[in-house]
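Peer 1: Between the sequences and the hints, there should be enough to build the whole structure, so can you do that?
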Amino acid sequence: MTDVVQQQSRLKDLIARGKDQGYLTYAEVNDHLPEDISDPDQVEDIIQMINDMGIQVFEVAPDADELLMAEGDASADDIAAAEAAAALAAVETEAGRTTDPVRMYMREMGTVELLTREGEIVIAKRIEEGIREMMAALAHYPGAVKQVLDEYDLVAREERRLADIMVGYLDPAEHVPSAAEVAESTPSSDDDETDSGPDPVEAKKRFTALKRQYNKTEKAIAAKGRGDKASIKEMEKLGELFKFFKLTPRISEPLTDTPRNILAAVRDQEREIMRLAVRECGMPRKDFIVSFQGSESDPKWVTRLSRKKDYGARLSAHKETFQRLQRRISQVEENSGLSVSEIKEINRRMSMGEARARRAKKEMVEANL
-4 MTDVVQQQSR LKDLIARGKD QGYLTYAEVN DHLPEDISDP DQVEDIIQMI NDMGIQVFEV
56 APDADELLMA EGDASADDIA AAEAAAALAA VETEAGRTTD PVRMYMREMG TVELLTREGE
116 IVIAKRIEEG IREMMAALAH YPGAVKQVLD EYDLVAREER RLADIMVGYL DPAEHVPSAA
176 EVAESTPSSD DDETDSGPDP VEAKKRFTAL KRQYNKTEKA IAAKGRGDKA SIKEMEKLGE
236 LFKFFKLTPR ISEPLTDTPR NILAAVRDQE REIMRLAVRE CGMPRKDFIV SFQGSESDPK
296 WVTRLSRKKD YGARLSAHKE TFQRLQRRIS QVEENSGLSV SEIKEINRRM SMGEARARRA
356 KKEMVEANL
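Here the sequence shown stands for residues -4 to 364, where the numbers follow our numbering.
It is worth saying that the hints were derived from the structure and are not from the lab. Check each hint, because a few of them may be wrong.
List time: in silico DMTMM-like cross-link candidates among lysine to aspartate or glutamate, alpha-carbon distance up to 25 Å [stated by the list, open to error]:
#  : residue 1 : residue 2
1  : Lys14     : Glu358
2  : Lys211    : Glu340
3  : Lys295    : Glu248
4  : Lys120    : Glu248
5  : Lys232    : Glu358
6  : Lys224    : Glu329
7  : Lys232    : Asp263
8  : Lys339    : Glu197
9  : Lys357    : Glu337
10 : Lys199    : Asp223
11 : Lys241    : Asp148
12 : Lys141    : Glu197
13 : Lys200    : Asp263
14 : Lys219    : Glu231
Ranges of calculated distance between the beta carbons of each label pair, as one might list FRET restraints [stated by the list, open to error]:
#  : residue 1 : residue 2 : range
15 : Pro244    : Lys120    : 36 to 44 Å
16 : Arg152    : Ser286    : 21 to 29 Å
17 : Asp305    : Asp8      : 27 to 35 Å
18 : Gly17     : Arg207    : 43 to 51 Å
19 : Asp166    : Ser4      : 27 to 35 Å
20 : Thr316    : Val117    : 49 to 57 Å
21 : Asp305    : Leu149    : 56 to 64 Å
Glycine included, each C-beta is placed from N, C-alpha and C at the ideal position.
Peer 2: See below:
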């Protein structure tokens, strides 16, 4: 089964689930996404296309009343589902956002009712929920929280302004921006610096709590490792505090770029290993995926497969090359302090949160054009 066919099969299963339930959750979409999809634009495209089929995507599973009120046309037949799955699978190969003129026209110029202020509040909350999800995931990346704490230490020593590192908090009860404010906001908004900023007393309280939890988390990881239940629990607590900090782009952009760059470094080596195994050695792609997952940096991976009748000998002939590429992955793990699976999971959670925030922001802006 080819790569694209496998993706289509998984996505058809997802569409079938959506048809049966009448909805999908973000978690269900996340579970069915092809492994190579981690870019927020690609995730956003997929969610939009699912919505276009009449299958709504919810934060959590809706109750019966919510589902009845939100019920759309999820009666796509099998042929339509197959076509949609093919289109969804093709998203992976798109360079950034879609360039299909029909989809762009339908997305950008479709009839949308103007939002009321109440509607703006609902969507603005969704924007912040997506950002909070991304920040909570980022807290799991080694060094991310510490970098922000180090920046605050400079503020405490009066070597930096509080407004240089944060602009407020992502609290549910905070001011909700209007559509005009959302439309005007840009990643470079921190260029126009002012002396206004968050309340320093409140900031001190929150940073103190964040540092206390950070120290507890580091202590748990040092004692039992990142995979221990106690460590995971402390990391989740850290994320619950960190996710409410609304950082300036000067701080947030490098923080979020780092995990993505680390993932890109892993992907580069994985692609080369897969190319060599599948194309040069004749290993079935399905066999490669099953055997390689969890063994990305294990030098014994090739040895275990050397007795395979159809392709073992060819793999063994390239053993040194495979192990050289795997050592590069191992170096990434060592430098980041994360396993490959942890790197991918952090990036997946970040991308889902960012995609949700982008999609909600886009809805707000377009509804008020």
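Peer 1: Kindly indicate which numbered hints from before are broken by the structure, ordering the numbers from low to high.
Peer 2: 3, 5, 7, 8, 9, 10, 13, 15, 16, 19
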